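S.K.: Sequence:
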Amino acid sequence: AGTGAALSGSAARKAAFETETPAGMGMLPVFLVLLLLLGLFVTGSWVEPVLLAFTVGIALLLNRGLALFLGRLSFVTRGAVPLLVLSVAGGCGAALLYRTATYREEGMEGAEAMKEGWRRLAGGLSVSILCTAACALVFASMEYGLGPELGRAMALACCVCLGSVLCLLPCLVFVCDGLIRRTGHRLFAPGRGILAKGIIKLRVVLLLLAAVAFPVLFLAQRSNVFYYGEGEIYDGTENRLGRDTAAIREA
Numbered sequence: 738a739g740t741g742a743a744l745s746g747s748a749a750r751k752a753a754f755e756t757e758t759p760a761g762m763g764m765l766p767v768f769l770v771l772l773l774l775l776g777l778f779v780t781g782s783w784v785e786p787v788l789l790a791f792t793v794g795i796a797l798l799l800n801r802g803l804a805l806f807l808g809r810l811s812f813v814t815r816g817a818v819p820l821l822v823l824s825v826a827g828g829c830g831a832a833l834l835y836r837t838a839t840y841r842e843e844g845m846e847g848a849e850a851m852k853e854g855w856r857r858l859a860g861g862l863s864v865s866i867l868c869t870a871a872c873a874l875v876f877a878s879m880e881y882g883l884g885p886e887l888g889r890a891m892a893l894a895c896c897v898c899l900g901s902v903l904c905l906l907p908c909l910v911f912v913c914d915g916l917i918r919r920t921g922h923r924l925f926a927p928g929r930g931i932l933a934k935g936i937i938k939l940r941v942v943l944l945l946l947a948a949v950a951f952p953v954l955f956l957a958q959r960s961n962v963f964y965y966g967e968g969e970i971y972d973g974t975e976n977r978l979g980r981d982t983a984a985i986r987e988a
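Numbering (the working numbering) for the sequence shown: 738 to 988.
Quick caveat, the hints were computed from the structure, so don't treat them as lab data.
Keep in mind the model is a prediction, meaning the values are calculated, not measured.
Don't be surprised by glycine CBs; every beta carbon is placed ideally from N, CA and C.
It is possible that part of the hints are untrue.
[Said to hold, decoys possible] Computed list of lysine to aspartate or glutamate pairs in EDC-like fashion (alpha-carbon distance at most 20 Å, straight line):
#1 Lys-852 with Glu-842
#2 Lys-934 with Glu-849
#3 Lys-938 with Glu-842
#4 Lys-934 with Glu-846
[What the hints assert, rightly or not] So the derived label-pair ranges between C-beta atoms look like this:
#5 Met-845 with Phe-806: 36 to 44 Å
#6 Gly-860 with Leu-803: 22 to 30 Å
#7 Leu-874 with Arg-919: 17 to 25 Å
#8 Ala-848 with Ala-877: 37 to 45 Å
#9 Phe-806 with Leu-954: 36 to 44 Å
#10 Phe-955 with Cys-872: 20 to 28 Å
#11 Met-845 with Gly-808: 45 to 53 Å
#12 Leu-867 with Leu-916: 27 to 35 Å
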C-alpha cells in the first residue's frame with residue numbers, strides 16, 4: 738500500500754504474519770557469533786570454534802535440503818526449525834569439544850582426546866537429541882494442520898543434528914588436529930573437577946534457592962498470557978498493520 742493507504746482484514750494479517758515470521762531469521766548471524774564466543778570459552782584452540790560453526794552451518798544446509806522430502810512447509814516451520822538446529826547442534830557440539838579439550842589438558846593427544854570424549858558423551862548426547870525428536874513427534878498427534886508438518890520437520894532436524902555432531906564434527910577435529918595444536922590456548926572454562934567441587938560446596942545454597950523459587954514460579958506461571966492466532970499481535974500499534982487497523986476504525 739502507498740503512504741496514504743491503510744490495510745486491514747484477514748488477508749492483510751496473514752500476509753503480514755507470513756512476511757514478519759521469516760524475518761526473524763535475520764538473527765541467525767547474531768546467534769552464530771554467540772556460538773563462536775561460546776566455542777572460544779569451552780575449547781582449547783582458536784580453530785575449534787570455527788569447526789563448530791562450520792558443523793552447525795552444514796547441519797542447517799542439510800536440514801534445509803532434506804526438508805524437501807517432507808513436502809510443503811509453512812512459514813512458521815521455516816522460521817522455527819533453523820533455530821532448533823542452531824541450539825541443538827551448537828550446544829551438543831560445544832559439549833563434545835569441551836570434553837575433548839579437558840582430556841587434551843590432561844595430556845592426551847588430540848585424536849585420542851576426541852575418541853575418549855566421543856566415547857564418554859555419544860550415548861548421553863544421542864539420548865538427549867532423540868528425546869527431543871520424540872517430543873517433536875508429539876505435534877503429529879495434534880488435530881490442527883500445523884502439527885504433523887511441524888513435528889516431522891523438527892524430528893528431522895534433531896536427526897540431522899545428531900549426525901552432524903557425532904559424525905562430521907569429530908572428523909573435522911581429526912583432519913585439523915595439527916592446526917588445532919598449533920593454535921592452542923589455555924582452556925578458559927573451568928575444568929570438570931573445579932566445576933564439580935564448586936557445585937558440591939554450594940549444594941545446600943542451591944537447594945534452598947530452588948525451594949524458595951519453586952512456589953514463586955509456580956504462582957507466576959498462572960499469570961502467563963498466551964496468544965492464539967495473529968489477531969492479538971496486530972491489534973496494537975507496535976506494527977504497521979495494527980496502526981492501519983486503528984486508523985480505519987477511527988475513520
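S.K.: Hint by hint, note whether the structure agrees.
M.R.: Checked hints:
With a C-alpha separation of about 15 Å, the suggested pair Lys-852 and Glu-842 falls inside the 20 Å cut-off, and the hint holds. In summary, the hint linking Lys-934 to Glu-849 is not supported, as the alpha carbons are separated by about 26 Å, beyond the 20 Å threshold. Our distance criterion of 20 Å between C-alpha atoms is broken by Lys-938 and Glu-842, whose separation comes to about 24 Å. Proximity of Lys-934 to Glu-846 is assessed by CA-CA distance (about 26 Å); at most 20 Å being required, the pair is judged violated.
Checked against the hint of 36 to 44 Å, the C-beta distance between Met-845 and Phe-806 comes to roughly 41 Å, which is consistent with it. Distance hint for Gly-860 and Leu-803: a CB-CB separation of about 25 Å, consistent with the stated range 22 to 30 Å. Range check, Leu-874 to Arg-919: about 44 Å between beta-carbon atoms, so the 17 to 25 Å window is missed. Checked against the hint of 37 to 45 Å, the pair Ala-848 and Ala-877 passes, with Cβ atoms roughly 41 Å apart.
At about 41 Å, the beta-carbon gap between Phe-806 and Leu-954 stays in the expected band of 36 to 44 Å. Range check, Phe-955 to Cys-872: about 22 Å between beta-carbon atoms, so the 20 to 28 Å window is met. Under the hint 45 to 53 Å, the C-beta atoms of Met-845 and Gly-808, about 47 Å apart, fit the expected range. Evaluation of the 27 to 35 Å hint for Leu-867 and Leu-916 yields a pass: the beta carbon distance comes to about 32 Å.
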